[in-house]
Amino acid sequence: MRFKRFLIPAMAFMALAVVSCAKTEQKSDEWKLVWSEEFDYDGQADTTVWSRIPKGTPDWCAHMSSDDRLYEMRDGNAVLKGIADSAGTAGPVEYLTGGIFTKGKKAFLGGRLEVRAKLQGARGAWPAIWMLPEPSASEEYGSTQWPYGGEIDIMERLNYDSIAYQTVHSDYTYNKGMNDPVPSRTGVIDPDDYNVYAVEMYPDSVRFFINDTHVNTYPRIEGADAASQFPYYRPMYLMIDMQLGGQWVGRVFPEDLPVEMLVDWVRYYERAE
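Read in order, the letters of the sequence shown are residues 1 to 273 in this note's numbering.
Hints are computed from structural coordinates only; laboratory data are not their basis.
Mixed in with the good hints there might be a few duds.
As the list claims (entries may be wrong) - Cβ-Cβ distance ranges computed for the label pairs, FRET-style: (1) Val34 - Gly177: 33 to 39 Å; (2) Trp35 - Ala227: 36 to 42 Å; (3) Thr48 - Glu140: 20 to 26 Å; (4) Ala62 - Glu30: 36 to 42 Å; (5) Met73 - Gly177: 15 to 21 Å; (6) Gln145 - Gln44: 26 to 32 Å; (7) Glu140 - Lys32: 43 to 49 Å; (8) Ser138 - Asp75: 14 to 20 Å.
Said to hold, decoys possible - In silico BS3-like cross-links for lysine-lysine, where the CA-CA straight-line distance does not exceed 30 Å: (9) Lys55 - Lys103; (10) Lys176 - Lys55; (11) Lys106 - Lys118; (12) Lys118 - Lys176; (13) Lys55 - Lys118; (14) Lys103 - Lys176; (15) Lys32 - Lys118; (16) Lys105 - Lys55; (17) Lys105 - Lys118; (18) Lys106 - Lys55; (19) Lys103 - Lys32; (20) Lys103 - Lys118; (21) Lys32 - Lys105.
Note that the structure is predicted; figures quoted are calculated from it, not measured.
Even glycine gets a Cβ: it sits at the ideal position worked out from N, Cα and C.
Using the sequences and the accompanying hints, generate a full structural model.
Set out below in structure tokens:
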């Protein structure tokens with residue numbers, strides 16, 4: 001779980017990429033598509049893969065709820081919402097947010113993971129696509145306690161920004177405060193349309209992309225304690241959530257709500273033989 005952000009300034013990657021709107025079955029000859037979630041069905045997200053994220057104490061899940069008002073399947077998208085709970089159905093909670101994750105159901109080890117999503121803006125909106133270590137693999141891969149198990153943030157967007165943050169967290173970056181290699185950079189997005197957010201996970205590096213434009217590579221440092229500096233090559237589960245408020249993004253303006261995060265698809269690739 002995330003408790004605070006890096007104090008170093010984010011470095012904007014200034015190349016604006018063209019967004020691909022076509023649904024393709026194959027990324028390239030370099031990658032083989034091995035699993036996808038297209039959300040081309042009605043009802044709720046496939047419960048054999050996805051669960052709704054429960055409410056918790058940290059900022060990122062302070063308003064999470066399983067309330068059906070926060071979830072919708074629409075036009076081939078999974079729609080996650082942030083709303084003002086004016087009806088008071090959740091007691092003292094002022095806002096409600098929706099999120100889904102694959103925890104305990106589907107994990108990803110290495111490969112390339114892509115998510116195509118459209119993010120509505122709002123003051124206090126903090127949508128995110130990110131990964132945490134799968135608890136069931138702790139015996140083989142070590143602690144899943146944050147930040148020791150690692151965290152990969154494929155996308156975080158604040159308010160109405162035209163950039164998105166892509167970040168790694170670990171004991172090395174968080175507890176030891178090490179910012180070399182640079183663990184967080186930003187890439188340009190189209191704030192009014194769909195963008196494709198991607199991460200490639202290798203035994204020696206994590207590489208980030210937005211609309212196929214390379215944003216950052218975070219390498220494993222030769223000779224460093226891998227458990228501290230590079231815990232990322234392990235089974236990780238995926239989280240997609242529409243968040244509101246918190247120390248980093250700031251206060252929520254209820255007049256900007258409701259706000260939506262539309263997820264068109266999720267695709268996972270492995271290296272072609």
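So, going through the hints one by one against the coordinates:
{"no.": "1", "hint": "Val34 - Gly177: 33 to 39 Å", "verdict": "37 Å, holds"}
{"no.": "2", "hint": "Trp35 - Ala227: 36 to 42 Å", "verdict": "28 Å, violated"}
{"no.": "3", "hint": "Thr48 - Glu140: 20 to 26 Å", "verdict": "24 Å, holds"}
{"no.": "4", "hint": "Ala62 - Glu30: 36 to 42 Å", "verdict": "40 Å, holds"}
{"no.": "5", "hint": "Met73 - Gly177: 15 to 21 Å", "verdict": "43 Å, violated"}
{"no.": "6", "hint": "Gln145 - Gln44: 26 to 32 Å", "verdict": "31 Å, holds"}
{"no.": "7", "hint": "Glu140 - Lys32: 43 to 49 Å", "verdict": "25 Å, violated"}
{"no.": "8", "hint": "Ser138 - Asp75: 14 to 20 Å", "verdict": "39 Å, violated"}
{"no.": "9", "hint": "Lys55 - Lys103", "verdict": "15 Å, holds"}
{"no.": "10", "hint": "Lys176 - Lys55", "verdict": "29 Å, holds"}
{"no.": "11", "hint": "Lys106 - Lys118", "verdict": "23 Å, holds"}
{"no.": "12", "hint": "Lys118 - Lys176", "verdict": "35 Å, violated"}
{"no.": "13", "hint": "Lys55 - Lys118", "verdict": "24 Å, holds"}
{"no.": "14", "hint": "Lys103 - Lys176", "verdict": "28 Å, holds"}
{"no.": "15", "hint": "Lys32 - Lys118", "verdict": "25 Å, holds"}
{"no.": "16", "hint": "Lys105 - Lys55", "verdict": "19 Å, holds"}
{"no.": "17", "hint": "Lys105 - Lys118", "verdict": "25 Å, holds"}
{"no.": "18", "hint": "Lys106 - Lys55", "verdict": "21 Å, holds"}
{"no.": "19", "hint": "Lys103 - Lys32", "verdict": "24 Å, holds"}
{"no.": "20", "hint": "Lys103 - Lys118", "verdict": "23 Å, holds"}
{"no.": "21", "hint": "Lys32 - Lys105", "verdict": "22 Å, holds"}
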